[in-house]
Amino acid sequence: MAISALSLEHIDAFYGDSHVLADVSFELGEARMLGLLGRNGAGKSTCMNVTMGLLPPRRGEVRVFGVPVTGLSPEMIAARGVALVPQGRRIFKSLTVRENLIVAARKPEAGVSRHAPWTEDTVFGIFPRLKERSSQIAAHLSGGEQQMLAIGRALMGSPRVLLMDEPSEGLAPQIVAEVMATIRKLKESGLSIVLVEQNPKLVFDVADDIVILNTGRVAVVSTPAALDKDGVDLRQHLGVF
Amino acid sequence: MNFWLVLTVNSVTFGGLLFLLSAGFSLIFGLMRIPNLTHGSLFMLGAYVGATFVVGLLGFKLNFWLAAILATLAVAALGALAERLLLRRLPGDQLAQVLVTLGLSFMAADFCLMMWGGDPLNVATPDGLGGFVRFGTIAFPMYRLAIIVIAALVAIALWLLLDRTRLGAMIRAGVDDPDMARVVGIRVSQLFTIVFALGAGLAAFAGIIGGPILSVYPGLDQDMLPLALVVVILGGSGSLLGSFVGSIIVGFIYNFGQALLPELAYFVLFMPMLLVLLLRPQGLFGRHVP
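If you're matching them up, the sequences are chains A and B in order.
Adding 82 to a residue's 1-based position in the first sequence gives its number in this note's numbering.
Adding 13 to a residue's 1-based position in the second sequence gives its number in this note's numbering.
Incorrect hints may have been included.
Said to hold, decoys possible - Which residues of chain A face chain B? A few of them, derived with a C-beta cut under 8 angstroms, are:
1) 168
2) 176
3) 185
4) 189
5) 214
6) 235
7) 239
The set of hints was computed from the structure by calculation and includes no laboratory data.
Even glycine gets a Cβ: it sits at the ideal position worked out from N, Cα and C.
Okay, chain A solo, but in the shape it has when bound (with noise of 0.2 angstroms):
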């Protein structure tokens, strides 16, 4: 079998004394999508803080493409080719537009990725609006701006990985189209991204595998098309929706 692009395994984190992770493993493919799905405080973030160095697992190991990562320093993390769309977005908001994108600029190390590296031009590209505010004050931007930034960030360091996480929190449904339009074309391109929502509808249309937590847990490992047939109670586990 390929090696997975991401793989969590037997992860424990806390968060001084509360344990918000017990044993979750799971794996991304490469050119995969994952939507991972569960209830405010199921441990979605925190998976993605895991995954980035943000917060040192007590037990278990993470890997980028076969290589353990784990108690790496973020930026080591970044520098392994993962990106982080943040949840909030955490844009700078005192820096410009092009601010925003130049400091995450990263030539890929040799043989981290394949394509050839995203820079300000090809951000622009995907998404124009940027370019037409590029010298303009991050903070002014609209909600959907700085959705949109947030995730020309992360591709300047030309990721193999890209973990979003609630990208489509806030925003108007008009946007959240957009943005979700975005993400598909990304996939596309051969990034194995992770797809952390609340919302499962947004999820089951792009995602090719899903993972449910739960209180900390892996609760259900699955694709949508699985999902759809056997008509698991997901309400179990993500609340009326």
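Please build the complex by placing chain B on the supplied structure of chain A, with the hints as guidance.
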């Protein structure tokens, strides 16, 4: 009339020195989130090291500006070393970092007392700047005007560095959101060292070019540190514009306070700081609440 004008020039001059001192203090505060309590000591060390060459304590004398550059580089290297060897070991532990910088400042004070003794060193005004510039009937000391020009040039250079370069954008990104900066691959720990060295060098530079006005004496560190704190709290941490405006304000408050209400000089100085902390804790131009 003459009195007010001279007082104004003195205020701007002192504001210029304070800017050189506090620009680095503010950046370190903004980026690393620690009040660097060695900042007064770095100012004093720069003054002593520079004065050593200017006065000729080692048996040879150097040109004032050459001495100033040497002192700046030496103290910048010392700052980088302190950051790498000490502060780096205590990541995220702000209380420990503050205590380390406080401890270092006491050690630096003892070291200076041992090396240079308790008597003030008087630093001569650099050649060619000892005279006065006359505007009508009023004469301004040329050196004070030179300090204003130097401070303005440094302010422009710092602004260009922070606002117009990729390194500057990375530093500002680190001030905005240090965790996110690391996530996008910025080596924030290298930025810490660069910013610490830059801040230390600027403080040392302020110390030596302030030498001919303030002289160099034990306790200079403890005279300057509170002023830097007031500047940064007034202006806001991590903001170059904040340091600039804060420095000029404090320069005026300090000089006018000493001249008009000498018995209340500290009251006049710290009252605005208290008001800002209560009413606008992020400072005039800052983004973070300290």
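Inset, instruction - Answer holds if the nearest beta-carbon of chain B is closer than 8 angstroms to that of residue 189 (chain A); otherwise answer violated. - result: 11 angstroms, violated
Inset, instruction - Go through the hint on residue 185 (chain A) and say holds or violated, using the shortest Cβ distance to chain B against 8 angstroms. - result: Check passed: Cβ of residue 185 (chain A) comes within 5 angstroms of chain B, closer than 8 angstroms.
Inset, instruction - Grab the minimum C-beta distance from residue 214 (chain A) to chain B and call the hint holds if it beats 8 angstroms, violated otherwise. - result: 20 angstroms, violated
Legend entry - Proposed interface contact between residue 235 (chain A) and chain B, which counts if any beta carbon pair is under 8 angstroms: 6 angstroms, holds
Inset, instruction - Let me know if the C-beta of residue 168 (chain A) comes in closer than 8 angstroms to any C-beta of chain B, holds or violated. - result: Where the cut-off is 8 angstroms and the nearest Cβ of chain B is about 7 angstroms from residue 168 (chain A), the hint holds.
Legend entry - Minimum beta-carbon distance criterion (8 angstroms), residue 176 (chain A) to chain B: 5 angstroms, holds
Inset, instruction - Report holds or violated for the interface hint on residue 239 (chain A), using the least CB-CB distance to chain B and a cut-off of 8 angstroms. - result: Check passed: Cβ of residue 239 (chain A) comes within 5 angstroms of chain B, closer than 8 angstroms.
The structure fails hints 4, 5 (numbered hints given earlier, in ascending order).
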